[in-house]
Every structure is written in C-alpha cells, then in structure tokens.
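First to last, the protein sequences are chains A and B. Terminal number for the first sequence in the numbering used here: 659, no gaps in between. Terminal number for the second sequence in the numbering used here: 659, no gaps in between.
Some clues are possibly wrong.
[Claimed, not checked] Covered by chain B, per the in silico footprint, the following chain A stretches (three or more residues, Cβ under 8 Å): (1) 358-371; (2) 376-390; (3) 514-524; (4) 535-548.
[Stated by the list, open to error] Where chain A lies over chain B, by a calculated footprint (3+ residues, C-beta under 8 Å): (5) 370-382; (6) 451-457; (7) 514-522.
What the hints contain is simulated information worked out from the structure, not anything from laboratory work. We put the CB at the ideal spot given by N, CA and C, even for glycine.
There are 2 protein chains.
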Amino acid sequence: MEKVGIVGVGMHRFGKFPDLGLTEMGIEACVQALLDSGLDKKRIGVCAVGNVGGGMVVGQKVLAELGLAGIPLINVENACASASTALHVAWSLVASGCYGAALALGLEQMSRTIEGTIPLGTDSLELQMGMMMPGKFALVARKHMELYGTTLKQLAAVSVKNHHHGVLNPFAQYRKEFTIEQVLGSPVIADPLTLLQCSPTGDGAAAAVLCNVREAAGVSQPPVWIEASVLTSGTYETGPRDVTSYDQTRRAAAAAYEISGCGPEDIDVIEVHDGFTISEILHSEDLGFFPKGEGGPAAESGATSIGGKIPINPSGGLVSRGHPIGATGLAQVAELVWQLRGQAGQRQVDGANIGLAHCMGGLVQGLDAAACTVHILKR
Amino acid sequence: MEKVGIVGVGMHRFGKFPDLGLTEMGIEACVQALLDSGLDKKRIGVCAVGNVGGGMVVGQKVLAELGLAGIPLINVENACASASTALHVAWSLVASGCYGAALALGLEQMSRTIEGTIPLGTDSLELQMGMMMPGKFALVARKHMELYGTTLKQLAAVSVKNHHHGVLNPFAQYRKEFTIEQVLGSPVIADPLTLLQCSPTGDGAAAAVLCNVREAAGVSQPPVWIEASVLTSGTYETGPRDVTSYDQTRRAAAAAYEISGCGPEDIDVIEVHDGFTISEILHSEDLGFFPKGEGGPAAESGATSIGGKIPINPSGGLVSRGHPIGATGLAQVAELVWQLRGQAGQRQVDGANIGLAHCMGGLVQGLDAAACTVHILKR
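Work out the full structure, taking the sequences as your base and the hints as a guide.
Right under this line is the structure:
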C-alpha cells in the first residue's frame, strides 16, 4: 500500500442556498481544493463523489465544468457518511497504486432536494410510525441519562460549545452564540432533544485532493498524511443491546488505531459526527476518548472546547457548521487539515499534530447506522 | 496489483416485479453468486453495490439479510453503468490487496422507483424539451444511416437477433421471437427507432463474487479472470463532432486492450450496451470489432448471432434480457462468466475463452455518456 497524503482542501460554505445550483457549490469546493494543493489538475487520475439526493451522475456534471471530464468517476452514496466514503474510495485507489492523485468531493443541497429528517423509504414501519433520527437519538439520550447520570445541562453544553466554535468558522451555517438556557429553552424536537441540539438541514460542498509521495513532490505545502482510512457497516443485531454504544464506531476506531499505531491519547483534535448533542457524547466515548458515561461531564467541564484537553468539533460540528449530508465527511477532513497545518485562524487548536474524523450515516433497522468511517490524519 | 478472478455469479431474473421488494431481488442474486462460488461468505471483506433509484443505503439492507452485515460497503451510482462501476470498485479493492474477496451487486426496481426514460433533473433545458435517451439515439441512428448507409433493416436485425438470444435465456425479461417486419412495424418511439428497438424498463439484480489467487484456492470451479477493468467518463465537448462514435468507449476499449494484451481479434463473445439497436451497432464499431459503418451489415449477415463470427449479446442484451439500470453491468458479466465456463446452455458460444463487457450510462450534456466501463474476462 502506498502512503497517501491530503495536499489540498476546499469548501463551499454550508448554509441554505436554494437559489444556487448543486453543481456550482461542488465546483467551488473543488476549485479551492485544487488551488490549495498547487497540483496541476491534469495529475488527477480519478474522482470519487459523495452525494445523496442530487440525482444521477452528479459528479460528472461537476467534472465537466472543472475541465476534468473524461477521468474515471465513482459516485458514492452512504447516507450521512457519503463524503467520508468517497474519501475512503479515493484513498484506496491511490493507496493501491491504481492512481497517483485523486479528487474526493462531497456535496448536497437539502434545501432543494431533501426535506426534513429523510425517511429511508416508505416500506419501513418504524419510519412510518415516526421513528426517524431525532426520535432514535432521543431514546439513546434518555438511556444514556439513565445509565450514566448524563444531565440535560451536559447535553446542552455540547451545543453551546459547538455553536461557539461555529462563530469562529467562516464556513459554518450558524455563527451565533447560545447559552445553556437558550439551548434547553428552544423548541423540543424529540424529548429531551431541543432544536439547538439537532443538526440542521443545509447545503454545501467540501473537497480534498489526495496523492501519493511522488505526486506530493510538486505541491504547495507539506501533505497531511492519511494514517488510517476505515469504513464499517452496521450489524443490525436485534434483541437486547446497549443502545448508548455504537458497535460500528468501536470497530472502525479499533481498526484505525491498529493501522495507524496511534491511540486516543495521541490524538490532538477530533471532528465527530454530532448529528445530535447526545451523538457527540457517546461517539467521544466509543472512540476511546472518555470512559463510558464521562462524555457528558467532559463537555460540561470545557475539556472538549478549543483550549481544552481534547478539543472536539472545532469547526462547530454538524450542529453549528451544518450537515448537508453528502458533504459533511469531507468538511470534517478539511477542518482537520487546516488545524494540522496551523491554518485554522481563531479556532486553531494549539499543537495539533494528529487528528481524527468520525462520520456515520443511515439507519437500516433498529439503532445501528448503515455506514461508519474513521480517518486518522497526521501532519 | 493482484490478479482478480470472478468465482461466482448470480441473478434475479429481469422483468417487471412491482410486488417484490428491491432488497429481495438483491438477496437472491447474492445468494446465487455465493452458492455458485462455493466460497465461505465470511471470506467476503468488502461489498460494492450499484443502484440508481432505490434510495439511501440500499446495499446495507441486502447485506443485513445475507448475514454479511458489518463489512465495509460502498453504494455506487453511475446511471446505467452503476453495476459495472460497482464491479470496477470491487475489482480495484481486491487488485490493490486491500481485501482478499469482494461481493459486487447491481439491483434496480424501475417498476416501483423510476418511471420511463428518466430525466436527469429538471434543470436541463435539453430534457425539458424532450431530448431524452430515445431522442438522442434516434438522431445518432439517422446520422449513422446518412454517413454509412446503415438501413432500417440492419437496425431491426439487431433486435431480431437479441430477441432470439433472449428466448434462450431463462433470466431474460422478454423471451419472444420477432421478425424484421414486426420490429419495424412496432410503434415509433423516436423515428427511426421503434418500440422493439429500445431497451425496456424493468426490475432485477445481478451479483458477482471476486477474489485473489489465494482465496480462489477454496472455490468450487476455476475462476474467470478479470484481465482488464476500465472506467472512463465523458468529455462533454461541445461544437461539431462525430455523433456516431463515442470517445469514452474508444478510450476505455483502448486501455482495456493495452492492459489485457488482448485485441478485438482475440475476443470470442461480447456483451455490449444495446440501449437501442443503433447503440449495439456503433459500440461494436467503437470497440474495434468492425470498421466504422460495417456494424449494421454485420448484424444483418448473422456475424453477430450465436454461431456467427463474433457473437454479440448472447444474453439477449438490454433490448431483450432487459435493462434494470442499476443491475445491467453485472448481468452482462454473469452472462460472460457462464459463457466462458461453458455453462450457457442453448445459447452457448462454442469455444468461448475470452469475453468483453461494455456498459455505459448517463447523459450530462450533448451526446456524451457520463460513464463507460470495459471489462475483459478470460477463463
């Protein structure tokens, strides 16, 4: 396997842009990533594109406008983990030696193509009965509170922190501070989760340019290396189980730690899939950063804020930076690349050398997610 | 790069099955492919799934039922080339050494999820004006007739042949003979293309089990080797061009011939993307089997029938076997595997040692396709 580096990242700001074209946002992210890399675009040998609701051959429409048409392109769908799956595919195609350089893009325009909390199809009795994402994670939150004593204030602290981080991020959908009281006082979506504890729908795009060591010789700045790229899917086991822990996250993290030779203690900054405040807490535990039940107190103590012991979601996370589902995974990676290069401006995490991005998506049955990725990046 | 073999294939019959579940058809194809391979399903390390209209995380729903949940899964979309792109992804992940064995699946249920000739989105003026697939290929047919003297009878001969082949294929959507007169007398869809010259909408699934040389030691029968797996996308060049020739087919074929060391003269059997009768003619030329303009006379002469010089679409092709768009590419490959193993029954091509599958999908702008694959298989 070849060593693969990320040599350029770019984003179209997340937000609600119903009057833009989806392709337009994708082009902006790719152009920025290519400019950032300094790599001649003709070196790009393959492209992987994550998207959910944009219809057929979305990626090709972007490439055509970029002047990159003709190269192999793989459109990828893994629900909320579509962009990070595209990164995994691009990584594997460079790591394998098939290509010297690749472009990974994630894009979504939920304001035009996807409404609300996205039922997976009308054949699911669960969904027909209203058991969509907020309902599922509300149950998980209640169980986490029961088992570990996690409090409403701790849940709200995740939202306060991520909104504070989002204020510092020019690419974030929401750039506004909120207090614990405001978070808890916002409308209830699925008790105990209030509006400000749920990731919003939105539009946007994010891209990364990847290459092997030889191609990296010609780039603008030192690569951020992909030390591990792991994709898992859910096991959808039925029967009694611990709903406050995600098996596919634990498996992906264990594999990523083994491949990279890093453990949670070596990681300086994390982007984690905070679809809801409770998600950040339980994923931060499943990823090994805190013992089970200590994710909530950690958020409340400031340990997961920029300047804290282990900053989580300096970008603002899904809750504040936003969550255009096909773009999120690469927005996380763009944030880590900026952090590891020391280019994150006001939200810079001091001494960030190693970062971890965790993304998950899709519900098939029960509480398991359909796809989960963990990427470990090192400067 | 590791050598990769196909060790099992399976299909759910193509047809119109609005009362079945999409997942159900996918499971049937996978179960058949796994049984055919004799490989322990626990050896499968990764899965790539081609689908267009089935919604989010389609593949995971199939894996869950197969007892394969948990392994990395990549849902892939490249319009009518989705299944062959899934095969390309699965091939690349085994060829790279990332995994020892992979499952590739393509599935679609157009009778429930996709209507008619699928506009790519309402933002295309071309599509709004009715310039969908039949219209585009009707223009191409007229130009081919003007440039090369291709006749209506030659176009119809492709349909007569493919319907005859379809009669011999238990997995085909249509199993009925037609005469030249019946083909030309069927309703006009887009002049000069009549109903029986157009691939139908339909439902179905096809799957393949791939593995490297080491894993192949434990399988039921000798692998069919993937000598080349090539994916290209269109260049969407505007301005005057020859609309009777597809640049992305020519580039994919040239690369596949170079990688495999085979030329058209070495190929014994072909599955080609006959979305319309004219498509088979022009692709058979672009793939190098006939000089430009000789594809029509070849079809009329019987050279492309089973028993002819170079049999094309012994499965019945898209026109007769059917074209559930996310499944087609792997149905082509299943047919070639059966042919190369000598298991194609009444439609067996004598002495078939090397086969070629060509698939293409999607329109972005003008007449170029979005994605094109060429696979060369050898027993």
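Structure-based check of all given hints:
1. 358-371: holds (count 5)
2. 376-390: holds (count 3)
3. 514-524: holds (count 3)
4. 535-548: The restraint on the stretch 535-548 of chain A is violated, since only 0 of its residues have a Cβ under 8 Å from chain B and three are required.
5. 370-382: holds (count 6)
6. 451-457: violated (count 0)
7. 514-522: As far as the stretch 514-522 of chain B goes, the hint holds, because 3 residues have Cβ atoms under 8 Å from chain A.
This entry does not satisfy hints 4 and 6, going by the numbered hints stated previously.
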